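S.K.: Position chain B relative to chain A; hints supplied.
Protein chains: 2
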Amino acid sequence: MKSEKISQLTTNRLSIYLRCLKELAGEGQTSVSSDSLADRFHLNSAQIRKDLAYFGEFGIRGVGYDIALLRDHIIKILGLDRSYNLAIIGAGRLGSAVVDYEALRLSSFHVKALFDVDPKKIGKKVGGIVISDLKNFQSVAKKVNIDIAVIAVPAHATPDVFEKIKKAGIKAVLNFAPVRLNADDEMRVRSLDVTSGLENLSYFLTERPQTGERSKPAGKARRSKE
Amino acid sequence: MKSEKISQLTTNRLSIYLRCLKELAGEGQTSVSSDSLADRFHLNSAQIRKDLAYFGEFGIRGVGYDIALLRDHIIKILGLDRSYNLAIIGAGRLGSAVVDYEALRLSSFHVKALFDVDPKKIGKKVGGIVISDLKNFQSVAKKVNIDIAVIAVPAHATPDVFEKIKKAGIKAVLNFAPVRLNADDEMRVRSLDVTSGLENLSYFLTERPQTGERSKPAGKARRSKE
Numbered sequence: 001m002k003s004e005k006i007s008q009l010t011t012n013r014l015s016i017y018l019r020c021l022k023e024l025a026g027e028g029q030t031s032v033s034s035d036s037l038a039d040r041f042h043l044n045s046a047q048i049r050k051d052l053a054y055f056g057e058f059g060i061r062g063v064g065y066d067i068a069l070l071r072d073h074i075i076k077i078l079g080l081d082r083s084y085n086l087a088i089i090g091a092g093r094l095g096s097a098v099v100d101y102e103a104l105r106l107s108s109f110h111v112k113a114l115f116d117v118d119p120k121k122i123g124k125k126v127g128g129i130v131i132s133d134l135k136n137f138q139s140v141a142k143k144v145n146i147d148i149a150v151i152a153v154p155a156h157a158t159p160d161v162f163e164k165i166k167k168a169g170i171k172a173v174l175n176f177a178p179v180r181l182n183a184d185d186e187m188r189v190r191s192l193d194v195t196s197g198l199e200n201l202s203y204f205l206t207e208r209p210q211t212g213e214r215s216k217p218a219g220k221a222r223r224s225k226e
Numbered sequence: 001m002k003s004e005k006i007s008q009l010t011t012n013r014l015s016i017y018l019r020c021l022k023e024l025a026g027e028g029q030t031s032v033s034s035d036s037l038a039d040r041f042h043l044n045s046a047q048i049r050k051d052l053a054y055f056g057e058f059g060i061r062g063v064g065y066d067i068a069l070l071r072d073h074i075i076k077i078l079g080l081d082r083s084y085n086l087a088i089i090g091a092g093r094l095g096s097a098v099v100d101y102e103a104l105r106l107s108s109f110h111v112k113a114l115f116d117v118d119p120k121k122i123g124k125k126v127g128g129i130v131i132s133d134l135k136n137f138q139s140v141a142k143k144v145n146i147d148i149a150v151i152a153v154p155a156h157a158t159p160d161v162f163e164k165i166k167k168a169g170i171k172a173v174l175n176f177a178p179v180r181l182n183a184d185d186e187m188r189v190r191s192l193d194v195t196s197g198l199e200n201l202s203y204f205l206t207e208r209p210q211t212g213e214r215s216k217p218a219g220k221a222r223r224s225k226e
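As you go down the protein sequences, you meet chains A and B in turn. Sequential numbering from 1 applies to the first sequence in the working numbering. Sequential numbering from 1 applies to the second sequence in the working numbering.
This is chain A alone, in the form it adopts within the complex:
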């Protein structure tokens, strides 16, 4: 197996392959070809072969991939053969939704701490996790050995929260706030940005041929706006 860094795009695809392989294993299948994997899950078979070839030989021509072997290998590559402790910052609806997120229940990710600044929330529980005072982030995060911080606070509070995460020495951040966070090479920030997701969709809707009047090149009319 090559151990060079693979791109974020590839890890996304590995996550997808893993989910597909788990589904097939759950159905009792033991092997699958890249073509049938692609057909079944609407993936690109050439891309599958390319991505997986990068990690070594898993396929046998004419037979396909050994599902359990490949699944376990992707689990290893993605580091999912250990567990990770999560801290959620922000005990609002979004943060609470992550605590309760059903897909995490059988995963390698375990919510160990939840933080807020609201005195009415601090001390209460969400999904069995007591809400801690954000003031005590560093000590609590250290005590429960946090690997990954999840930012679920309003945009204006995000830079301060990010500083706290950095100071606590946490190296991985999942960010829901629509704020760009500047991480150094020692850290990784992954953003799940609703605004950017919606803007990608508005771009798609604008470019669709059906909406011809909106797909014209943008004129200079707006130039005078400011």
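Simulated from the structure, these hints should not be mistaken for laboratory data. The structure presented is a predicted model; accordingly, all values stated were derived computationally and were not measured. Just so you know, not all the hints are guaranteed correct.
Below, simulated DSSO-like cross-link-like pairs (lysine-lysine); rule was C-alpha separation at most 27 Å, straight line [said to hold, decoys possible]:
#, chain 1, residue 1, chain 2, residue 2
1, B, Lys121, A, Lys125
2, B, Lys166, B, Lys125
3, B, Lys121, A, Lys120
4, A, Lys125, B, Lys124
5, A, Lys167, A, Lys142
6, B, Lys125, A, Lys121
7, B, Lys22, B, Lys50
8, B, Lys167, B, Lys125
9, B, Lys124, A, Lys124
10, A, Lys125, B, Lys120
11, A, Lys124, B, Lys121
M.R.: Frame of chain A, contents of chain B only:
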């Protein structure tokens, strides 16, 4: 301006540039160079020039980009010069968090309908929006003219919800469920997948040199697991 399709990666970057330009405009700046834009927001200046050159000439060498002009142009490209009606499916914590999402308040995206299957929720309000019965999805979605559907239901309910969205003729979907949805070319699905985000972070944590013992090539030990 070229009107060919641009990649999802580019629209993500345009979203980021737009946010940065809005921030600079808010501070009263009128022009910015790609280098200072890159410095300020930790972006790649060569990438900025490449992305923006694709849409025409916005920069003047030595002077930089006209912030208002470029901002308004990106708004046009991303189709943000009109408004979009959103339907949220799933009135749990996640769906409710999207209804209340502060960043949407001044955006082009307006939540117009919220759906659930739980009789205890139907008829109640979240953020001023009455929760409708998912049974009536098609008629309600048509009445309020939904452009974008947001899936915030558990994984097992997602395929059925996606079918309803397709039948209603909605062409753009933001999907929070950890389920791969097969859209045809007429549709665009954008997934904000917590699991895949976390798996990208676990990959990063595993590959970091500090965690040397975990960055060894994966062995065959797990082969015997199944």
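S.K.: The structure should be examined with respect to each hint, and the outcome stated for every one.
M.R.: Results for each hint:
no., hint, in the structure
1, B:Lys121 to A:Lys125, "holds (22 Å)"
2, B:Lys166 to B:Lys125, "holds (26 Å)"
3, B:Lys121 to A:Lys120, "holds (25 Å)"
4, A:Lys125 to B:Lys124, "holds (25 Å)"
5, A:Lys167 to A:Lys142, "holds (11 Å)"
6, B:Lys125 to A:Lys121, "holds (22 Å)"
7, B:Lys22 to B:Lys50, "holds (20 Å)"
8, B:Lys167 to B:Lys125, "holds (26 Å)"
9, B:Lys124 to A:Lys124, "holds (25 Å)"
10, A:Lys125 to B:Lys120, "holds (23 Å)"
11, A:Lys124 to B:Lys121, "holds (24 Å)"
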